[in-house]
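Sequence order for the protein chains is Z and G.
Start counting the first sequence at 1; every next residue gets the next number (this note's numbering).
Start counting the second sequence at 1; every next residue gets the next number (this note's numbering).
There are no misleading hints in this set.
Rough simulated footprint, nothing fancy, chain Z against chain G, three-plus residues with beta-carbon under 8 Å:
id: 1; segment: 70-79
id: 2; segment: 94-100
id: 3; segment: 110-121
id: 4; segment: 137-146
If you're looking for bench data, these hints aren't it; they were derived computationally from the structure.
Every residue gets a Cβ at the ideal spot worked out from N, C-alpha and C, and that includes glycine.
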Amino acid sequence: MTTTAVRKDGPAAVTPPPSIGGHARTYLSRVRGGDVGALPAVLGLIVLCTVFAVMQPSSFLSAGNFANLFTQGAAVTLIAMGLVFVLLLGEIDLSAGFASGVCAAVLANVVTVLGYPWWVAVLAAIATGLVIGTTLGLLVAKIGIPSFVVTLAGFLAFQGIVLLLVKEGTNISVRDNVLVAIANRNLTPALGWALAVLAVVGYAAVQLLRHRNRVARGLISDPIAVVALRIAGLAVILGAAVYVLNLERSRNVLISSLKGVPIVVPIIAVLLVVWTFVLQRTSYGRHIYAVGGNREAARRAGIDVDRIRISVFMICSSMAAVGGIVAASRANSVDPNTGGSNVLLYAVGAAVIGGTSLFGGKGRVLDAVLGGAVVAVIENGMGLMGYSAGVKYVVTGVVLLLAASVDALSRRRAAATGTR
Amino acid sequence: MSATPLLELRGIDKSFGPVQVLRDVALTVHPGEVTALVGDNGAGKSTLVKCISGIHPTDAGEFLFNGEPVHIGSPRDAAGLGIEVVYQDLALCDNLDIVQNMFLGREKRSGIVLDEPTMEQLAAETLAGLSIRTVTSLRQHVSSLSGGQRQTVAIAKAVLWNSKLVILDEPTAALGVAQTAQVLELVRRLADNGLAVVLISHNMNDVFAVSDRIAALYLGQMVAQVRTTDITHAQVVELITAGRSGALGLTTETGSNGDGTQPADSISGGLR
Chain Z
1 MTTTAVRKDG
11 PAAVTPPPSI
21 GGHARTYLSR
31 VRGGDVGALP
41 AVLGLIVLCT
51 VFAVMQPSSF
61 LSAGNFANLF
71 TQGAAVTLIA
81 MGLVFVLLLG
91 EIDLSAGFAS
101 GVCAAVLANV
111 VTVLGYPWWV
121 AVLAAIATGL
131 VIGTTLGLLV
141 AKIGIPSFVV
151 TLAGFLAFQG
161 IVLLLVKEGT
171 NISVRDNVLV
181 AIANRNLTPA
191 LGWALAVLAV
201 VGYAAVQLLR
211 HRNRVARGLI
221 SDPIAVVALR
231 IAGLAVILGA
241 AVYVLNLERS
251 RNVLISSLKG
261 VPIVVPIIAV
271 LLVVWTFVLQ
281 RTSYGRHIYA
291 VGGNREAARR
301 AGIDVDRIRI
311 SVFMICSSMA
321 AVGGIVAASR
331 ANSVDPNTGG
341 SNVLLYAVGA
351 AVIGGTSLFG
361 GKGRVLDAVL
371 GGAVVAVIEN
381 GMGLMGYSAG
391 VKYVVTGVVL
401 LLAASVDALS
411 RRRAAATGTR
Chain G
1 MSATPLLELR
11 GIDKSFGPVQ
21 VLRDVALTVH
31 PGEVTALVGD
41 NGAGKSTLVK
51 CISGIHPTDA
61 GEFLFNGEPV
71 HIGSPRDAAG
81 LGIEVVYQDL
91 ALCDNLDIVQ
101 NMFLGREKRS
111 GIVLDEPTME
121 QLAAETLAGL
131 SIRTVTSLRQ
141 HVSSLSGGQR
151 QTVAIAKAVL
161 WNSKLVILDE
171 PTAALGVAQT
181 AQVLELVRRL
191 ADNGLAVVLI
201 SHNMNDVFAV
211 SDRIAALYLG
221 QMVAQVRTTD
231 ITHAQVVELI
241 TAGRSGALGL
251 TTETGSNGDG
261 TQPADSISGG
271 LR
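Could you put the whole structure together from the sequences, leaning on the hints where they help?
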């Protein structure tokens, strides 16, 4: 219909050439237009850390506490990563917490009671998550029960299944070395540095290749300085984190040495990269956003909406299984309350605080990690300051409410300014 | 314009339960022409379009595409033939950008990875080919576009796939004056580029502004299909409201609304 010669005066050429200032202005106008993204979570994190650092400089700022933050927040963050997929469709999974409990109970039964090797137990736990997710997804997509009701029923039923699996109130210990290591051991400092370098180099390679590809094709792309800044930013953050985590945090070095990046950190990082890739770079991920944005449009575009809806519940429950494994590892055991009490609400809170919209169509896996960090910092910092669990719940609730208000208000703002 | 019509429908019947919505409908659509499909609410325009696009199966009748008999059983069949429909409610995702919307459901990939640069280039070429210069960035979210711009994107999306027949369902219904002119100009350009265009519209001004032929549906029957130059505004209104206008339209009453002659005369009298 047209030749490449026409493209020169095409719509792409109308946009002014990119520059750092222009990039910053575009970002600012987007934020002002209501597209705040992860900004509230990042600001919240900075404010919370500053407050706790001032109030409790010795304990909150210690390397040991920094490492604790990761292991404390890991399970909730992992569950939240799966919840992002469900939230992207505007659905909810209230059963994710106890689904992780069921999977953890399966893990403990397989490895401790039945005596199979750790990897069989892990596979069994994740398979349990897949079965749970498939069931929930089928009920929501094929029968048409609202996800709120289906997963509320799941919430109650799975709570019972955990009780049945751990034989009414006793607990099952998890003593397998590999499983215990997940949330309780650290990488050697050298391995930590190696992985950090690998991550930065990989990120830089992806960013630079994409930039070169776009420039070569004559497409608008971010200025190279912005790309470099992004890479440098990641390098600084990772470098600082690995440096602090590699400091000695043992109270008495003569008895045992305690340093290095907790093993759970690279696990979260790998899952973050994998799921981000799936959401941003595959057509499956694109279809998830499409179904979340306008289900009818997605259906008319030939997307199998039911398949997408079922699959997000499968992803969510599988990630809940991973969260359950980490929780079991951290506690060295599974009891009837694993995945119970505040786990689910913290996970939903983490996703929403990070910037995932409850209305569907907007959110990233990174949101879950940022929001999980906020939740972990509140929990940890308030604990250090000696507040009771009651105060912690109230504060977390208020923060969640704030995050949901930011979401709702930014949508209104966006509707008013026409950016959404 | 050309000898063989691109799409020819013969004797299409369609019922929903006891309600017969389309009755022995015939329609010919020629490449390079805009065929306006007019009719009152409930005349069966949308049903006819859904039959052509494969959403509804037909009860009887045949489809000829480029003179060849074809069977359209699903939207995929229709897309395979090069038939694209731009729906009234646009069917765009607000949370995706222009390129993402244009390729939705048919993304270009290299391996399992989305091939964004190629998609962006193709989208830019398509928009440039339609002389669309109203959008500033291909990467802006559709939510930030005006109604006319959205309609433009929806039409460009339909054209992207080397489609041969584009069906537009009330493309100007929600638009202001300037935007309507913009979209009509685009509709005309599609036909001038050699595509066959079916335009569903209630607005007679739009119909007379861009169409080459007018097909009028009345209570599920195709009452007339004539060149736009051979018919007057008032005659089209009569065809829509009464199913006949002088020598045009229904010759014998089919008993669908009992005494059809009387209202036809009174309405035509009123308009003259």
